[in-house]
Amino acid sequence: MLEITNMILFSVFLLLIFITNGYTFALDCCNTIQSNKSCRHACEKLSSSENAFEKELDQIKHILDTTSHCPADQIEYWKCINSSLSVTSSVTIWSGRPCCDLAVSRHCSETCRQAQSAEELETACHRSTETNLYECIEKQKVGEKCCASVVEYTCRLVCQGTFLIQTLTRQEQRQILKRQCGTAARPIMQCASEHVRSMRNRNPEDSLHCCEKATDPACRNTCIHELKTGKDNDEVVVDKLIKNCGDPLPTIPMWACFLDQPQQKKPNLDPRKIGDGACLQCCAKAVNDRCHTLCVQTCSDYNNYWKEFREKCQDFSNQVSRMEVPMLTCVAEVEEPCKFGCDGLDYCTNFNNRPVELFRSCNKRADEAAKLDVQSWKKGYIELPHLKIPVKDIEECDPEMWKAIACALQIKPCHKKPTPLSLCREDCKKILEECVDRTRLAATQTVDVLCNALSPVDNVGSCISVKKFLTPSPYEFLKHEVTNPCKDNPCEERICWINRRKCRHNCQPYVCHNGCPMGDVTNVMVPRNAYVRIPEFQEDKKNEVCQAYRVCRCGKHNSLENCKLIPCLKKKNCEFSVPGQGRVVKAEVGDYLKCGKHGSHFRLDCKDCVCHSGESICTKHKCPPDKLSIWSGLPCDCSRHYSPRCGRNGKTYPNQCIATRCGSQKEVSYGTCSIKITTTDKCNHHHHDPVCDTKGEEFTNPCLLLAHNRKLAYRGHCIKHCSTSSTVCGHNGETYPSECAALADRTTVDYVGPCRIIGHFSGNISTSGCANIQCSNSIPKHCRPITPPGGCCPICAAELRALYSQPLADVAAQAMNSEPLTVHSILDILSHHLSVAECDVFGYLSVEGDLVILITTVTASPTVLQIQACIKEAERIEYLVQTDSPTLMSYVALTPLLLAPIRTPVMAQLGAAGANLPSLSLITILFIYSILRTHTWM
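Read left to right, the sequence shown gives residues -22 to -1, 1 to 916 (mature numbering (1 follows the signal peptide of the UniProt record, and there is no 0)).
Zero decoy hints are in this set.
Listed next, the in silico EDC-like pairs over lysine to aspartate or glutamate satisfying Cα-Cα at most 20 Å (straight line):
1. Lys689 to Glu676
2. Lys689 to Asp667
3. Lys407 to Asp426
4. Lys156 to Asp466
5. Lys317 to Glu470
6. Lys370 to Asp415
7. Lys349 to Asp51
Okay, the calculated beta carbon distance ranges per label pair:
8. Lys218 to Glu797: 30 to 36 Å
9. Arg881 to Val427: 38 to 44 Å
10. Arg268 to Glu22: 52 to 58 Å
Since the hints were derived computationally from the structure, they do not count as laboratory data. Bear in mind that the values here come from a model prediction, so they are computed numbers and not experimental data. Just so it is clear, CB atoms sit at the ideal spot from N, CA and C, and this is done for glycine as well.
Take the sequences, apply the hints, and build the full model.
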């Protein structure tokens, strides 16, 4: 008896030691937490929880509980957790090991804890008595599959944990994964959805008999009700059934009935068969047919194809992958877009405080990864997938330069041209000349040879020198001037837009809107009611002659619906004819791609052009004659007589000649279009047509304004920092009752008073009538402004002169159920894509037929830094249009835009301010290599 008692006491002693050590480990982990009181409190609560370390499922639950307070950037804390808790080692052996806590039989429990797979349980654990165990294992299998693509271990642990805790809802799971796994969360949730997808894509009423198998009356009643009434969105039906009936496991009779039923085929236009729309647009850029097919398959079924896609098309040790830079750059843009500003880094501190520069991956994970890279390089080699460069001791040979390169590799600054992450040749030669170990170089390796591979010959703006990251940012005390309210998306699963309206009371600097994800691979979302364009590929094959598309609408259930095919886009090449010279096949190439091919950009004379479907579309301005710096003629050789006419397109033209010859308006009426605006007797209080009253208060529409006995000041949202006192002429040639009215119509002010003359065109300065105009625009100091086409007065703004295709505009309007495709609607979408609150988008249709887009500050007294931020915003928009990026071109309304050449004011330099745009690091190869290491998609 004494012996038995001693054995019991010894067992209790060992258990106490285990539990005590668990508490010690957890408390040690809490001590690693820096400057996050909420995280530390959650950690200490975990440590003091009763039985917190007794069961592995409890450990996982507590780990998941801390994710809401301890984000992934608490790297040391998560490292400690990974190395301290027993469950972290258990799941590395078998991810289903924590399920053993649910075993009823002692023999089953012991067998389970020794097993390395579910198959080893069959003899000791009977399914009839171990229901909870097998339900847990079934979920674990789903988790194992869905989390397999996760590279980062902490994310994988949390990922698998979300599948093991049965009380976790799908919404809670989604939120945890988004916090802990970042961009990897979406494909994980896509995989989880596949588990219940066999229930979808059929008539719900065909499954009513399955409801009768539910043992719980409330579940059964919910099932019958939802299947009868939820036909429009069966994904919502599934979610409601999971909420009321539990997770869809094959061991539960009702779910087994659903899962065993054969699926009915649906038409090809079923939106859930589309795949990821943004991702598919990148596939259209593929060069190699095999990579194109794998890309399409990955975008449609991520979990089954991502590994092969990565091996065949993203491994830069083979020539095929090196040809796919446009496609891979596109994917990087939609998966990890460039964002303004960088702060909060502990290692790469010289990257902090840079509010007008853009980065793809400014976070503490990248900061830690850069530190690990430098530690690895100290071993004497810079190792790349297909290249190994011997170097001297980098602690002695320019260590700050190597640190800057490692940080740039991980944090990924963005640059102006669309080529990805290349080290500037000057930097490459400098660092290798000084630090390469020539005694270990291969006979064929020289610094020049290495830099040929690492740094292509630099075109202006195609690389970023890391030299500016050798010193701290000059903006530490100025960064408050530029704000980015939506940077970390405070709206979580919804779309964040900057709130630029005048507020009645204290309000948030952002507004959250419901929207639809374009798919599960990328993070692109579009707002509700938006129309999007998605490529259509027949049997995953690339059509070299014609690209098919479908258009879908973001519906009220936050999913793409009502999809329909639109006319095929022909990829016809262009032929050029120059008067007196006959046909030519070459034009001035400059910084553009060679001309002639569909989609290529080029210059003819002084004009920017793009080849689209066999048509050469160029800017409309007249080129000055040779040897003359100033051109005195007006568009279409019309006179300078000012007698405004309103075209049927709603555009005011300076005179009849310009309206009919340049604007192609066969029917015009006398006077400006603004005086033609009429009101209707019909009054719908729910119609959205915002107006601002004379007290600066906004109403949803004129009806509500009149119902409150208010007077109309101007149409549109109420605008801050503007005047309502004087009539003004906009740069669009339209007269407005006030500056606020012009800005509300997204038009910048030219001068005070009604429009009365014709302004500058194509360098025409000396002979215009602007000499009698007094310009009152306040130009910030150190800014050499620009004068928009047709205007008299300059403005400190960046100008994009967008080329567009009229046939595409007609197709877009038809695809959007004949909704008008207006300049205002295009500018609104572009405005929502700006990140800086101090900038906004304005514009107009010029008399020459170009879409003029102006991006400028909206603050009362703009600073130099704010103006520079607006210039960077314009460069970013130019890049997205030029590269046909899904970020913009997912919107049907923007698809007619083909090219947007930029013109910017000249600014005084404040140090190394935001040199460039979309993407940097050591080299093109390092760029892909870094994404392979840190992303599941790339």
